[in-house]
Amino acid sequence: MRRASRVAPLTVVVAAVIAAASVAGFYSFKNSADQQERTLLESETSQAALYVGTVLSEVGSILDPLASVVSLTNGSPSAFTAHARTVGGGLLNLVLAERHGTTYQVQSAVGTRYSVGQTLSAAISATLARAGATLTPAPVRFNGKTTTALFALGPPLVPSGLAVFTEFSFSPFIATAVTAAKPFELLKAAVYGAPKANEANLLVATVPAGDLPLHSGEVMALSTVGNAKWAVVAEARSPLIGAFARQAQYIILGLGLFVALLVGATIEVLDRRQRYAARLVEERTADLRTTLSDLQTAQEALIRGERLTALGEMASVIGHELRNPLAAVTNALYLLRAKLGDPADPNLEKHLSMVERETAKASTLAEDLTAFVRPREPQKSAVELPGLVTEVVEATPAPANVVLEVETEPLSVQADRRQLAEVLTNLVANAYAAVNGGGTVRVATHRRGQEVEMSVEDTGPGIDADLSDRVFEPFFTTKHDGTGLGLAIVRRLVEANGGRVTLEDGLDDHGARVVVRLPVGVLESS
Amino acid sequence: MRTDILIVEDEPDVRSSLADILRQAGYQVEEAGDGVEALAVLATHKVGAVLLDLRMPRCNGVEVVDALVDPPPIVVVSAHQLTDSDRARMGRKVVAVLKKPVPPAQLLDRLAAIVELTPEPRLPSAEAQ
Ligand SMILES: Nc1ncnc2c1ncn2[C@@H]1O[C@H](COP(=O)(O)OP(=O)(O)OP(=O)(O)O)[C@@H](O)[C@H]1O
Ligand SMILES: [Mg+2]
Chain U
1 MRRASRVAPL TVVVAAVIAA ASVAGFYSFK NSADQQERTL LESETSQAAL
51 YVGTVLSEVG SILDPLASVV SLTNGSPSAF TAHARTVGGG LLNLVLAERH
101 GTTYQVQSAV GTRYSVGQTL SAAISATLAR AGATLTPAPV RFNGKTTTAL
151 FALGPPLVPS GLAVFTEFSF SPFIATAVTA AKPFELLKAA VYGAPKANEA
201 NLLVATVPAG DLPLHSGEVM ALSTVGNAKW AVVAEARSPL IGAFARQAQY
251 IILGLGLFVA LLVGATIEVL DRRQRYAARL VEERTADLRT TLSDLQTAQE
301 ALIRGERLTA LGEMASVIGH ELRNPLAAVT NALYLLRAKL GDPADPNLEK
351 HLSMVERETA KASTLAEDLT AFVRPREPQK SAVELPGLVT EVVEATPAPA
401 NVVLEVETEP LSVQADRRQL AEVLTNLVAN AYAAVNGGGT VRVATHRRGQ
451 EVEMSVEDTG PGIDADLSDR VFEPFFTTKH DGTGLGLAIV RRLVEANGGR
501 VTLEDGLDDH GARVVVRLPV GVLESS
Chain Y
527 MRTDILIVED EPDVRSSLAD ILRQAGYQVE EAGDGVEALA VLATHKVGAV
577 LLDLRMPRCN GVEVVDALVD PPPIVVVSAH QLTDSDRARM GRKVVAVLKK
627 PVPPAQLLDR LAAIVELTPE PRLPSAEAQ
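Chains as they are written, first to last, in the working numbering: chain U, 1 to 526; chain Y, 527 to 655.
To be clear, the hints were calculated from the coordinates, so they are not data collected in a lab. The model shown is predicted, which means the values in this text are computed figures rather than measured ones. Possibly wrong hints are sitting among the right ones.
Derived list of chain Y stretches under chain U, where covered just means 3 residues or more per stretch with a C-beta under 8 Å from a C-beta of chain U [to be verified]:
no.: 1; region: 541 to 552
no.: 2; region: 562 to 569
no.: 3; region: 604 to 614
Ideal Cβ positions, reconstructed from N, Cα and C, are used throughout, including at glycine.
Only chain U is shown next, with the shape it has when bound in the complex:
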C-alpha cells in the first residue's frame, strides 16, 4: 500500500532538527578547533620568528669586532683585511667601504665577491648610508636560485663616511633538509628578508621552491633582525591541535547524523504502529459495515422469503380450488370409461386415455401446490429415525433397476414426525428420479457430534454447483413434469424444525447427496 510506505512528516521534522543541530555542532566545533589551530600556529610562528631574529643577530658578532678594528685603526684597510681573514675564513664576503658622494667604494675586502676600488651599487650604497650602531640588513635578494643577504654596521662604530658589511649567498632551500629541527618540524615556513612576504626577498624556506607559504591561511610574524623587521610566514604541516581534536568535529557530525537517523527511525516505527492501529480500526469498521450489509442482505432475503411464502400460499389456494373440479372430472371420466367399456374405436380410446393421463398430472400438480403452504408450527416429539426411514421407503417404492440401500443408526431427533416424513419422501423421490434407468440410492442416518445427519445420496448425474442454490427455490425444476416445489418444501420444513439442508457430492463422486442435519434428540441404545 502506498500510504504505509510514506515517511511521516513528524519523523522528517525531528530527524531534520537533530541533523541540523549536529551540523551546527560540527561547525561550532570546527570553528573553535580552527581558532585553536590558528592560535597555536601563531605562537609557533612567533617562536620561529624569534628564533630567526636571534640567529641572524649573531651576524652582528662577526661584524662588531671588525667595526672596532676599523675604528681603532681609523679605517686602515690593511688592518681590516688582516682581521677579516681570521674571522671570515675566506667564506664570507667582508667589506670596508667609504662614501664617495652618494655611492660607496670598496676600501678593503675579503671573499670572492668584492675587490678594492669597486664602486658599490645604489641599493647597497643606500643600505650602507643607513647603517649605524645596530646591525642593518639590506633587503634580501632572491634571484630564483640563490638568496643574497647583506648586513652592515656604520658610524658611530666606525669613523664617519665608512661602513663595514658582510654579504653571503646561498640557496634558501638548503633549509628544507634541516627542517626536522625545531621549530620548523611542525611548520612549513619561509623567512623573507623584508617586512613583507615577497618571493624576491626570500631568505630561507623549509619547503621546496614551488610550495612556498605565501598565501592566505598562513600566519605571518615579524622577527627583529638588527634594526629591520623580517617576515616569517608559516603554515602547519599537519594539524597542530592533534588528530582527535581535528576529527572531533567529524565525530560530532557523524554521531549527530546517526542519532538523527535513530530518532527518526524510532518515530517512524511508532508512527507506523499508530497508523497500523488506525488501519486496524478502519478494517474493523469496514468489517462492521460488511456485517451490517450482510444483515441487510439477510433481511432482504427474509423479505424475499416472505414474498415466496405469499406465492406459496397463493399456490396452495389454487391447488385447493383445483381439487373440486378435478374430482368431478375424475369421477366423470370413471363413469365414461365404465359406460364405454373397451371401446372398439381406437381413436376414442386414445383420447380417453389422454384425458385420464392429463387429469392425473393436474391432480399431482394440485397436490404439490397444496403442500407448498406455510408449514404449521412443527409439533415436536422424539422421532425415532430408523422407523421413519422404513415407513417412507415402503410408501415410496423404488423403480425397477434401482438398488435401495438403507443404513440407519438407532437415533432419534426432536422434530415434527410428519414434516420429517415429507422431507424424506421428497428427497427419496428426487433420488429415484435422478438414477432413473438404473443406479443406487442410499438413505442413511448417522450421529455427528451434537447433530444427526440424515442423508439421501444417489448415483445420478448430480447437481451442478451453480444450481446448488436455485434448486431450493420454489418452482425451479429441470424435469418436464416437475413442479419444482420438492426441495423448497424440504428446506422450509427442515429449517422450521431447527435444522439445515446442504448439497454434497454423492455416490461414485458425481451423484447428488442431500444432507439434513438436525440437533440430536434422545439417543437410544440398540
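With chain U's structure known, arrange chain Y with the ligands on it following the hints.
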C-alpha cells in the same frame, strides 16, 4: 330407513358424479349439500358409512362429526389438509382421510372394506343400464 352411503359434499358436480359411481357399484346412496342436510339424513336413516367433505357453507364437516354421538364410520374426503387439532377433535370416529381428487377405484376399495352391501344388492351392470 336405511342407506349404504351418505355423501356430504357442497359441490353438486362432484357429489352427483360420485353418487353415480357408488350407485353403479351397487350401493344405496343418499346425498347432502351441507352439514345441516347431512345431520337431517343421519337423523332419519341408518347409514352404513359417510363420505364427508370438510369445507362446506352451512355447518362444516368437523362440526358434523362433533354433533354425532355414535356415528357410522366416517371417511373424510377433502381438498384441505387436516390440521392436527381437527384430527384430535374427530378422533376415532374418522376411519380414513382421503385427499381430493380420489381415484374412484381406490375409493371403492376403501369402502368395500368398511361397508357391507345392503341385503338386496343390485348388479353394477343393471344399475348402469
Ligand atoms: N438427487 C438429485 N439429483 C440430481 N438433481 C436433483 C436431485 N434432486 C433435485 N435435483 C434437481 O433439483 C431440481 C428441483 O428439485 P425439486 O425437488 O425442488 O423439484 P422437482 O423434483 O423438479 O419437482 P417436484 O419435486 O416438485 O416434483 C430438480 O428438477 C432437479 O433438477
Ligand atoms: Mg422433487
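Broken hints, by number: 2
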